[in-house]
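Asker: Start from the sequences and build out the full structure, keeping to the hints where you can.
Chains as they are written, first to last, in UniProt numbering: chain P, 1 to 479; chain S, 1 to 479.
Be aware that one or more of the hints could be misleading.
[To be verified] To give an idea of the chain P side of the interface with chain S (calculated C-beta under 10 Å), a few residues:
1. GLU44
2. ASP199
3. ILE204
4. GLY206
5. GLN210
6. PRO225
7. PRO293
8. ILE444
[Unchecked claim] Listed next, the stretches of chain P that the computed footprint assigns to chain S, with coverage defined by at least 3 CB atoms under 8 Å from CB atoms of chain S:
9. 180 to 193
10. 241 to 253
11. 447 to 456
What the hints contain is simulated information worked out from the structure, not anything from laboratory work.
For glycine and all other residues, C-beta sits at the position ideal for the given N, C-alpha and C.
There are 2 protein chains.
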Amino acid sequence: MSTIAMPAPDAGIISRKSEIIAALAAILPPDAVISDPEETRAYECDALTAYRCAPLAVVLPRTTEEVAAAMRVCHRMRVPVIPRGAGTSLAGGALPTADSVVIGTMRLRDVLEIDTDNRLIRVQTGVTNLSVSAELEAQGFFYAPDPSSQLACTIAGNIGMNSGGAHCLKYGVTTNNLLGARMVLADGEIVDLAGGGLDILGLICGSEGQLGIVTEATLRILPKPEGARPMLIGFDSPEVAGECVARIIRSGLLPVAIEYMDDVCLRAVEDFARAGYPDCAAVLIVEVEGSEPEIADQIARIRAIADQLNPVEFRESRNADESLAIWKGRKSAFGAMGRLGDYLCLDGTVPVSKLPFTLKRIGELSKEHGLEVANVFHAGDGNMHPLILFDANTPGDLERAEAFGADILRVCVDVGGCLTGEHGVGIEKRDLMTSQYTPEDMAIQMEIKDALDPCWLLNPAKVFPLEASQPHRQRAATC
Amino acid sequence: MSTIAMPAPDAGIISRKSEIIAALAAILPPDAVISDPEETRAYECDALTAYRCAPLAVVLPRTTEEVAAAMRVCHRMRVPVIPRGAGTSLAGGALPTADSVVIGTMRLRDVLEIDTDNRLIRVQTGVTNLSVSAELEAQGFFYAPDPSSQLACTIAGNIGMNSGGAHCLKYGVTTNNLLGARMVLADGEIVDLAGGGLDILGLICGSEGQLGIVTEATLRILPKPEGARPMLIGFDSPEVAGECVARIIRSGLLPVAIEYMDDVCLRAVEDFARAGYPDCAAVLIVEVEGSEPEIADQIARIRAIADQLNPVEFRESRNADESLAIWKGRKSAFGAMGRLGDYLCLDGTVPVSKLPFTLKRIGELSKEHGLEVANVFHAGDGNMHPLILFDANTPGDLERAEAFGADILRVCVDVGGCLTGEHGVGIEKRDLMTSQYTPEDMAIQMEIKDALDPCWLLNPAKVFPLEASQPHRQRAATC
Chain P
1 MSTIAMPAPD AGIISRKSEI IAALAAILPP DAVISDPEET RAYECDALTA
51 YRCAPLAVVL PRTTEEVAAA MRVCHRMRVP VIPRGAGTSL AGGALPTADS
101 VVIGTMRLRD VLEIDTDNRL IRVQTGVTNL SVSAELEAQG FFYAPDPSSQ
151 LACTIAGNIG MNSGGAHCLK YGVTTNNLLG ARMVLADGEI VDLAGGGLDI
201 LGLICGSEGQ LGIVTEATLR ILPKPEGARP MLIGFDSPEV AGECVARIIR
251 SGLLPVAIEY MDDVCLRAVE DFARAGYPDC AAVLIVEVEG SEPEIADQIA
301 RIRAIADQLN PVEFRESRNA DESLAIWKGR KSAFGAMGRL GDYLCLDGTV
351 PVSKLPFTLK RIGELSKEHG LEVANVFHAG DGNMHPLILF DANTPGDLER
401 AEAFGADILR VCVDVGGCLT GEHGVGIEKR DLMTSQYTPE DMAIQMEIKD
451 ALDPCWLLNP AKVFPLEASQ PHRQRAATC
Chain S
1 MSTIAMPAPD AGIISRKSEI IAALAAILPP DAVISDPEET RAYECDALTA
51 YRCAPLAVVL PRTTEEVAAA MRVCHRMRVP VIPRGAGTSL AGGALPTADS
101 VVIGTMRLRD VLEIDTDNRL IRVQTGVTNL SVSAELEAQG FFYAPDPSSQ
151 LACTIAGNIG MNSGGAHCLK YGVTTNNLLG ARMVLADGEI VDLAGGGLDI
201 LGLICGSEGQ LGIVTEATLR ILPKPEGARP MLIGFDSPEV AGECVARIIR
251 SGLLPVAIEY MDDVCLRAVE DFARAGYPDC AAVLIVEVEG SEPEIADQIA
301 RIRAIADQLN PVEFRESRNA DESLAIWKGR KSAFGAMGRL GDYLCLDGTV
351 PVSKLPFTLK RIGELSKEHG LEVANVFHAG DGNMHPLILF DANTPGDLER
401 AEAFGADILR VCVDVGGCLT GEHGVGIEKR DLMTSQYTPE DMAIQMEIKD
451 ALDPCWLLNP AKVFPLEASQ PHRQRAATC
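Answerer: Here it is in structure tokens:
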């Protein structure tokens, strides 16, 4: 079924399965090692459910030391390790191989320190994204990155994918909000990352489990704004909605969020959540924040920009209920789309001035490939999430969807964008890396991998095209 | 005189001097290679003038290809390369060794692209920091990082040091404003860095010329705010001024800048610039920006915080002239201090809540070491710049100043801060890295260096303590 190849599992490792499990069990608490096939099946995929493979075993440590102990065993026995947060990756970042041990961070759930004076929180990385902000609620602070999966996804996964979210237009993505980290390297060594010398902290954001497992993180926290207000702007053309986004950004305004939903998505959302969205070609949700006069000023300026483009609707929230209603549809968009059938959720970025062109091209490609597409995404920073609808039970449909997706991502790169915004490369976009990078550009990334994970045990066969990584993996096999 | 050792230059390289110069001259324009000792002397130091050593030769390329050609020659002949921007480093980052070739970026001065729609500018990295903003002035945009040396310092140096400046409290430092880069590696290979895969872009910010020479950079630009207004707040105690900073930050306000100057600095500045500063123990300059109501609101809230701490003066700028006057003294502080004699300008960071304690400890250490110290720094982000006054002509004074400086930086690390904010480690803080990092923490940094510069030709003997880097440099010698 699948179009993305994984290397054949190492039969030698699989033949040592019981030995590996025994070695892990010997140094970890009894409930920390899972090897019963009935139970490991829960870890056979992440949110890219088209690809599945149960691992040899799953380890769920509670401390940095337990992670390090498990990594030492895997390193000694040369077993690949698949780091896993909550398994919400849409790019297959946490897909196991049959010869691998999954090390999950979800039981690393302690909040270690809250320091509002210095605007930071230190947590174990298995805490979920939303619970970080929940911890800070009473003190009036929050943690800015807010991926759609924030109820489930962990800080470990956020660091691995350099996660963003709707509110990252103003506050930046994970790398802009990570102040320090404790990481376990492939050989089980524990290192602390901070400022001074080479910025390993910057390097690990978005490293997709290639360099180590981050077990503790110090995160920048922000005071909650005085107030925030969304508005909803409807247009009768996707390109005009895209043009509106470009004009808002060009004007110098910096809303907290500019979200985009097209008609396919709007209809699905209306059926599902009854958010009261208008029936039109595209809707923008723009949120601004600050003091009352500041909010009013920003809304007036955005309204003036929108009015030049003849919106079919301009709805400003007048109270908390209306704000919730405006956001409700957007927040339920992925669930609503799921009811329509299977979909592939893409993730690419384009310069905001190229949004109108890119939306037009996606429409044309949809016709060429004969598959419907819905667009719902973080428009303000040009982070697109086209959802390609397909039927997993129709032979060949997944392959067609993947080919369509690849075409869209190539358009993103062609217009000066990037093939990933916040989902990572994983297995999904592994072979597209060549459209973004020259062999030389990729080589230095793999040399960094060689340096920190010389045996290529951490999440191998991901991120880098198999052909390009072959010499590195081959060399590593003798390590 | 000096307390910081550099390894003995390689006599073998020096004996090949004319051969090396001939090889460089053969592939570069005639005026791009400087080897006359009278002329190379201009490159014998950077702004850490206590340490001087003329290089074998200086290369001043005008294109990425010329940088790559020079790097290929140096790599083939195994000659160390000292990357240099404008030479404004205060930590000895651009100090040559006698067996090295300096490659300067100052002739890479083209502005390649201005794209206000997508809020970016692409430049060759020899353009100065201030000229980037000057290029954008007419369109109403600016580039946020603003180091004190911004009139002279280059974007290449800013990237190498991850430079900040007074206005980085709100807008972040270089790493938060760098969107892409073209870099020449140690072997002359040219790579383009962008998003997707491992974040080499994050890694090179602050890498102090250890990994390559960045020749082109794409920088994020920001629209100029509607308005900005500084205020000056005087206190009769350094600790209380520090407490005021901590309370402003804790309150959730985010001024564009919070600058601190103590009495030693205030007196020097008054003699020099007649800025009309009050005669008190410490002054804060706090600048806020936004629309008029927003500015007024922020000033009122800052005034309320300051009032609780009995300031001896609270002066709000009423017009452009008064704003200039408030900033005039701060901007001339380093020049003013230079008139008092020699000084060592330190650079460390502390959590803002630890500012009062750290200022008190610096006062105590000043008495212990018998040397006067002036404090002038970016208080809002805890980035301290104590200036230790000494007399370069008094034997032993530099060594005492350095010992005092090391004690201050250890205090920064002890209270949870970092031994560098924006000046880098260079040679100055090389041996203090052990107070911040364990051998394991440092080892992974050096393994990254091994990966990208296997022969350790780029700025060797800097950043990492010589003892720790010895095995790496030794292995590299056989490369």
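Asker: Against each hint, give a clear statement of whether it holds in the structure.
Answerer: Each hint tested on the structure:
no., hint, in the structure
1, GLU44, "violated, 26 Å"
2, ASP199, "holds, 5 Å"
3, ILE204, "holds, 8 Å"
4, GLY206, "holds, 5 Å"
5, GLN210, "holds, 7 Å"
6, PRO225, "holds, 9 Å"
7, PRO293, "holds, 4 Å"
8, ILE444, "holds, 6 Å"
9, 180 to 193, "holds (count 6)"
10, 241 to 253, "holds (count 5)"
11, 447 to 456, "holds (count 6)"
Violated hints amount to a single one, hint 1; each of the other numbered hints is respected by the structure.
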